[in-house]
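Given chain A's structure and the hints, the job is docking chain B onto it.
Those protein sequence lines, which keep their order, are chains A and B.
Per my numbering, the first sequence starts with residue 245, numbered consecutively.
Per my numbering, the second sequence starts with residue 245, numbered consecutively.
Treat the hints with care, since some could be wrong.
Any copy will do: because identical chains look the same in the list, a pair fits if it lies in one copy or spans two.
As the list claims (entries may be wrong) - Here are the computed lysine to aspartate or glutamate pairs in the DMTMM-like style, where the Cα-Cα straight-line distance is at most 25 Å: (1) 269 x 313; (2) 285 x 341; (3) 446 x 341; (4) 445 x 374; (5) 249 x 524; (6) 420 x 374; (7) 445 x 305; (8) 249 x 373; (9) 465 x 376; (10) 464 x 373; (11) 388 x 328; (12) 315 x 430; (13) 392 x 328; (14) 492 x 376; (15) 465 x 374; (16) 292 x 263; (17) 492 x 313; (18) 472 x 376; (19) 316 x 457; (20) 316 x 373; (21) 270 x 391; (22) 392 x 376; (23) 464 x 274; (24) 465 x 371.
These are computed hints drawn from the structure, not numbers from a lab.
These figures come from a predicted structure and were not determined experimentally.
2 protein chains.
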Amino acid sequence: MNSIKIVASGMYLPNKKIENDYFNKKFNLDDEWIYQRTGIKERYWSEKENLTQISIMSVRDLIQKNNVDIKKVGLIIVASSNFEDGMPGVSFNIQKEFNIPNCICMDILAGCSGYINGIDIARKYLETEEIEYALIIGAERTSKYIDKEDLNTAILLGDGAGATLLQKSNNKIYEKNIESIGQQGDILTSKENCNIYMDGKKVYKFATSRVAENINSLLKKQNIDISKIKYIIPHQSNSRILNSIAQKIGATQEQMYNNICKVGNTFNASIPIALNEIIEKKMLENSDIILLVGYGGGLNLGSILIEI
Amino acid sequence: MNSIKIVASGMYLPNKKIENDYFNKKFNLDDEWIYQRTGIKERYWSEKENLTQISIMSVRDLIQKNNVDIKKVGLIIVASSNFEDGMPGVSFNIQKEFNIPNCICMDILAGCSGYINGIDIARKYLETEEIEYALIIGAERTSKYIDKEDLNTAILLGDGAGATLLQKSNNKIYEKNIESIGQQGDILTSKENCNIYMDGKKVYKFATSRVAENINSLLKKQNIDISKIKYIIPHQSNSRILNSIAQKIGATQEQMYNNICKVGNTFNASIPIALNEIIEKKMLENSDIILLVGYGGGLNLGSILIEI
Chain A
245 MNSIKIVASG MYLPNKKIEN DYFNKKFNLD DEWIYQRTGI KERYWSEKEN
295 LTQISIMSVR DLIQKNNVDI KKVGLIIVAS SNFEDGMPGV SFNIQKEFNI
345 PNCICMDILA GCSGYINGID IARKYLETEE IEYALIIGAE RTSKYIDKED
395 LNTAILLGDG AGATLLQKSN NKIYEKNIES IGQQGDILTS KENCNIYMDG
445 KKVYKFATSR VAENINSLLK KQNIDISKIK YIIPHQSNSR ILNSIAQKIG
495 ATQEQMYNNI CKVGNTFNAS IPIALNEIIE KKMLENSDII LLVGYGGGLN
545 LGSILIEI
Chain B
245 MNSIKIVASG MYLPNKKIEN DYFNKKFNLD DEWIYQRTGI KERYWSEKEN
295 LTQISIMSVR DLIQKNNVDI KKVGLIIVAS SNFEDGMPGV SFNIQKEFNI
345 PNCICMDILA GCSGYINGID IARKYLETEE IEYALIIGAE RTSKYIDKED
395 LNTAILLGDG AGATLLQKSN NKIYEKNIES IGQQGDILTS KENCNIYMDG
445 KKVYKFATSR VAENINSLLK KQNIDISKIK YIIPHQSNSR ILNSIAQKIG
495 ATQEQMYNNI CKVGNTFNAS IPIALNEIIE KKMLENSDII LLVGYGGGLN
545 LGSILIEI
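One chain only, chain A, in its complex shape (with noise of 0.2 Å):
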């Protein structure tokens, strides 16, 4: 098979910027509490935009930066952790914003980490079937399942949207490395009519151990040393799992991509978020090697090597 190209990048954030002080205040935490425990300065929470508008405005933005025609594209895959709505799904009202003719278009809810099986299952349709571009959008609004008096996911959790293009490449480098922990589901839940719910130590433990083997595992399958890869651009979930990651896997911390400080924990839009500012910095050069990786509720996780 074949390998993917990434063509084209966008991201949105909801314009309501939550800043450490807001909980420090309704906590009375000291300054560096959270920063130092997370990683986080400041996160986004939508006030009036849904799910499809966030989404929407990722879109919007991968279109004015980038000249692509987008009624080319022939998979639209939103990947997100709640959909507020059954039908239309979001990626149908994508198709229909952007009045794009022929496209085959799907939402899927894998946890935190659906970015991750979209980007794979677009990597399978670009190669089989008769397809321009395929685009992939992490997207989410935590803030609508969050208590906010709850510091354990209050502080964390922001919103906000991803948005990547996908095209066919001839690049020989393509491996992923998903798995699906249902086992252990009720560590990291979002159900009906509950907010986000989530055992601290439990995720931490999985993050940190469970992700660094599957890492490890992907670079195995391909025979690439960690060395050799030019970002790992994971799920920013916490800068303190991130570190604890590098160092099992021996990345260095400027290899280990991280932007939590600036947005939070946007579950499915992190990584695309991510790899959008890489993109607009300019970071990457032909021929380069990243390693994406998602983990999160389910349990879902997921690492794709994609050479650029």
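The following block gives chain B in isolation, referenced to the frame of chain A:
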């Protein structure tokens, strides 16, 4: 690419049977009014079972009827028009229930025909990954999202789930034609805090025109005449729609499988439930060709040709 083989199937209907008489009294209708307009005599509504429980029961039925090792499932996809929980997804709950060790799980929201998308994704994973079985489930708890005072939807919709176990096959025939039309998404919706809404006339027009065209171009792709199809297994939306589609594609009543009388319109569950019935009745033989066709909210539609 290879084709797929249907290895096993199962189904489940919740235990509260709603006969037409219930509506006849409620809406003061003549005895035959509903049946003449819809082809439906009874449907099932869940009283207490949630979407996960309904889905699990269909897998339990599949396991009880077939000598298959469920632990060898490597991909679980659940399609529904409405998911109750964000995390964990129903597919993850199924992995947990049957303690399936190595597996990729995801839930798909793609209107009423996400089951068709699920089958097509499964085919690509069975072809390219080391996966023994893929388990595709269409499941619905529509009764939770209907206004029981709305004659347009309440008389039509039922709950249930159908499970289909797939394996890679060397059979030659596999073809699909999946289309999304987000531009018309507002004629059949299931939005947050709203009941399912259906513009009956527009849905009828969409189903009888676009679905027939979709099937005709699918058959053309493989240069197969409709007479060579043993059964068309359509989404069971309404008998009048099925009769109209049959007429437009030149299929006989015997070819166009219709079991809506006993189950109602169960959205994503309708095709796998009908397929399960055909398999249970031993109506299929090796090298028969069947055509699955789904359509509905999104809008989304898709048809698949499979050789048995």
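Taking the hints in turn, this is what the structure says about them:
1. 269 x 313: neither (47 Å within a copy, 56 Å between copies)
2. 285 x 341: neither (34 Å within a copy, 40 Å between copies)
3. 446 x 341: Result: close only across copies, 20 Å inter versus 41 Å intra.
4. 445 x 374: neither (46 Å within a copy, 34 Å between copies)
5. 249 x 524: within (16 Å within a copy, 46 Å between copies)
6. 420 x 374: Cα proximity of residue 420 and residue 374: in one copy and across copies (23 Å, 13 Å).
7. 445 x 305: Neither. Shortest intra-copy (37 Å) and inter-copy (38 Å) distances fail the 25 Å Cα cut-off.
8. 249 x 373: Close inside one copy (16 Å) and across copies (21 Å); limit 25 Å.
9. 465 x 376: This pair counts as between: shortest inter-copy Cα distance 20 Å, intra-copy 29 Å.
10. 464 x 373: Classified as between: cross-chain Cα gap 17 Å, same-chain 30 Å, threshold 25 Å.
11. 388 x 328: So residue 388 and residue 328 pass the 25 Å test inside a copy (10 Å) and across (15 Å) alike.
12. 315 x 430: Between. Shortest inter-copy distance 21 Å satisfies the 25 Å Cα cut-off; intra-copy 41 Å does not.
13. 392 x 328: Intra 19 Å, inter 22 Å, cutoff 25 Å: intra and inter.
14. 492 x 376: Result: close neither inside a copy nor across copies, 38 Å intra and 32 Å inter.
15. 465 x 374: Result: close only across copies, 14 Å inter versus 29 Å intra.
16. 292 x 263: within (19 Å within a copy, 43 Å between copies)
17. 492 x 313: neither (42 Å within a copy, 36 Å between copies)
18. 472 x 376: neither (30 Å within a copy, 33 Å between copies)
19. 316 x 457: For residue 316 and residue 457, the Cα distance is within 25 Å only across copies (22 Å; inside one copy 38 Å).
20. 316 x 373: within (13 Å within a copy, 28 Å between copies)
21. 270 x 391: within (13 Å within a copy, 41 Å between copies)
22. 392 x 376: Neither: 43 Å inside a copy, 44 Å across copies.
23. 464 x 274: The answer is neither: 44 Å in one copy and 69 Å across copies each exceed 25 Å.
24. 465 x 371: both (21 Å within a copy, 19 Å between copies)
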